[in-house]
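Asks: Please model the entire structure based on the sequences and the hints provided.
Residue numbering for the sequence shown is 1 to 85, as defined by the working numbering.
A few of these clues could be false.
Each pair of labels, with its calculated beta carbon distance range [stated by the list, open to error]:
#1 Pro-42 with Arg-67: 27 to 33 Å
#2 Ser-38 with Asn-66: 32 to 38 Å
#3 Ser-38 with Thr-78: 49 to 55 Å
It is worth saying that the hints were derived from the structure and are not from the lab.
By construction, the Cβ of each residue, glycine as well, lies at the ideal position given by its N, Cα and C atoms.
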Amino acid sequence: MKQKFLASAAVLAAAGSLALLTRPAFGQAAKTALSTKSWTPPKTPWGDPDLQGTWTSDDCIGAPLNRPANLGDKLYLTEQDLAQR
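Replies: Pasting the structure below:
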């Protein structure tokens, strides 16, 4: 029983050291030529990134960014209000 444990521990140690030794070799791959950038991200007139667009997270969180007019001044949405959307 002790020999099986020692043998499995030796195999595990060898596999672990092999995994640790081969990992740095991936970082030493030859570098490819950098391509020139033909696209730049859009910016606002004052230089910040332009984040305008369609953000579809409303369905994920269950609450729209703009309050629907039919809900008026209600403080909380009920399950029925959510189902009507």
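Asks: Tell me the hint numbers this structure goes against, listed in increasing order.
Replies: Failing hints: none at all.
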